[in-house]
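Could you put together the complete structure from these sequences and hints?
Protein chains in written order, with the numbering used here: chain A, 993 to 1510; chain B, 1404 to 1517; chain C, 21 to 111; chain D, 5 to 163.
FYI, nobody ran anything at the bench for these hints, they're computed from the structure.
Below, a sample of chain A positions facing chain B; criterion: calculated Cβ distance under 7 Å:
no., residue
1, E1136
2, V1156
3, A1167
4, L1171
5, L1174
6, A1178
7, G1182
Reference excerpt, derived from the structure (chain C facing chain A, CB under 8 Å, subset only):
no., residue
8, M45
9, M57
10, Y82
Since this is a predicted model, take the numbers as computed values, not measurements. The C-beta atom is built at its ideal place from N, Cα and C for all residues, glycine as well.
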Amino acid sequence: MNIPEYTPALIVAIPLIGAFLTPLISRVHDKLRNIFVILVLVINASLVFLLAYDILKNGIQTYIFGARNLSYPIVRILFEVDAMSIFMAIISSIIVLVAVLYSWSFMKNNTGLDKYYTLILLLTAGILGMVMTGDMFNFFVFLEITSIASCALIAFWTSQAESVEAGFKYIVISAMGALFVLFAVAILYGQYDALNIAQLADVMQYTFLDKIALVLLIVALAMKAGLVPMHMWLPDSYGSAPSTISLVLVGATLASLYGVLRVVFTLYGNALSTIANFDVAVNVFIGWFIIALAILSIIVGVIMALIQTDFKRLIAFGAVAEIGYMFLGIGAGLAAAGTAYGNVALQGGIFHIFNDALDVGLLFLVAGAIYYATKERSLNSMGGLARNMKFTTVFFIIGLLAVAGMPPMNGFASKLLIYESTFQLNPILAIVAILCSILLLAMFVKVFYSAFMGPELPKFKKVKEVPKSMLFAMGILATIIVIFGLFPEIILNNIVQPAADALLGYSEYISQVVAGGI
Amino acid sequence: MIYNIPYIAVVGLILLGMYALVFKRNLIKMVIGITLIESGVNMFLITLGYRKESIAPIYTSSPGGIMSLPVPQALTLTSIVIGVAVTALMLSLVIHIYRHYGSLDAKNVRRLKE
Amino acid sequence: MSTRTIAGTIFFSIVFAFFIFIALMMHPFGVLNESEMDDYIIDNTQEETGANNGVTSVVFDYRGFDTLGEATVLFTAVAGVIMLFRRLKND
Amino acid sequence: MTEMSKIVRTITNIAFPLSMIFGFYVIAHGHLTPGGGFQGGAVVASACAMVLVAFGSKWTIGKIKEKRLSVLESLGAIGFIGLALLGLVFGIAFFHNFLVGSDYLFGIIPATGSGLADINTAGVLPLMNFAVGIKVIAGLFVIVLVMAYAATSYKEDKK
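Structural data, given as structure tokens:
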């Protein structure tokens, strides 16, 4: 069945209208506001799934804002939604829906909740807009919405000094990153008088200024995605924000990662194959640059995680390592663009984006559950929680196995793809990746024993299980992880495969707008 | 012939802002640094849209003649309001940091251990 | 010279060279190499949007979605500031 | 912030209405003369900030509650996105200017070239200008008000 062609616009408009209405509705009644927010997100998620079904069936969808058809010098903004962007939209909508379900009872005794839900809806609109837009300046505006909304949410518990400082550190780095992106967009506009990604990709001659713009864009967006040299904000903000916000922040970070992909694979698609300096093709050069940063962030993430005592900071460093795995897959896919194992690496990297978002998200929710039940954050003062928090322990085991990439869970499928393809590219990469994955497993098992096993601590006598809605939210994530762990081909063949082809097939992306036109 | 003087001014503004951001330890000076870089990037965006001897692209009782480009001006309008929003948020966070730590010096605002 | 100032100066000089290159390589001030999109807007802003002010027609009609994102940025900042200065009664 | 001296307050009483009028003029003529929702809103917000500085935050918060301002801001935002959705409802596209050329309000298309200033032109633009203007006024004033009031109430808590 075909869906109306303005669905991409609705997908961004609905969370915005929800966000504008939430302050008014929350003056009526609190429960009504929670129901309204969940309703808005459920509608939005179903629209995203419908659009995904439609895109996977008949290719890229474009939607022009303000006119039915395109006047040649592309003046209006248009959304261009291909398999890769709808893949990211699916991940973000699942994550935010689970986060809002979880925060129904997790945030019960906090004040200022109407602003909290408004900001979460705005953050959703920002992520979805960033993922689906086909216009560079529009990408910058939505990047800014995501940074401001997530910075305000990080500093939600203003009574804690860490959260406020983490929020300040996050907004300073995001503002700098966004200014670099704006500067690069200004350079591209100054040369080609065009803001549309497809038109820019078509008209790009890869002059010296374009190289500078490429460096600026990659540095800024990789900084926002948490790659090593500028990853310091990630453990601070993930560690000191409320757990539901850490979960939603994972989606925001992945949107910046999508930004890196869109810039490298589509905006500079034509320029990738040109032979740049010292006779190596541009894509090999950028590919190895990303692989180097990825390996660095895997190693730094795992080592720093080993020495942490705060539960959430430990998971945050695990997340840094996982982002390293994604970039490893994508960098290998870029460096070996033509070959078979290059495609396998790219698919592994993209599949890992989906898996890791859920795994790290589940671990953050488990940390939130422990904080909710015991008001305890540091590991060495926890112990013997398994006795009276049965379900949370089960969810922790699932999350632990998934992040470490153990067979029954979905982490294994994507990491296996990454290992086998990077092995053919260069054996050392695969060896380092496997070793760090084992270290990650060892570290999480240590956490499992220190937090859940061990003697029954007197002060946790009256700890009881977390309320139903939190268990339900964790259950959704756990079931998705287990299902895609047991049958990875479902998602691999009909979502990850088209997404990888959409990324590599940039000429099809361009022909939608420029040559073909509508 | 002003060859590229506006771009030199843009570079000057951005470097001033970066100097304040990198070397100054007072948090408010860092916020001022970011605002300086913001205005530098906005100025760069505006100077891209100027044509020689052109007037503003407004038709109401306009003397007629070549018009400068309207798109960079619209982009700069958006970027300025984004700058206001980011600065407002940063300053409110600085107020909270001052309440918690009692000082604005970035050196001893280091509760988060590395 | 503490390591911070050394690292700062190195970072500073790289960025300085970076931006000087851009300033010199960019098209000279006032002489545009491409202006097709903006000429289209200047020519038919009055027929298509009915506004005499070219900039407002770009802000609200041609690139209206940017301004919606823009209004959302302002709305987010206001919601963030109000949330940061709320009364923490029972927190 | 405590209030300022008598002279400043009387000058504010005189200057406030004038700058309000100028601000709303800039908002209303957004599609004719340079200006628009954001610029006019900023002018009016600065006038309100002048009142806040002159009369102190306690008096101002007594006069206008912060809750009411954020409701006004939400209304402005909903008005703006509602106008955009109306374009979709009329079946063309999300941000379609459906009033241009129609014989309703603001429907006239000015003559090409340097047309005379006629406020009844530019379709949806004046309405959008107005909605964004309200939103910017309420938004900026709430930010200034909340920051000023938080500073004073913090001093009382410390005492």
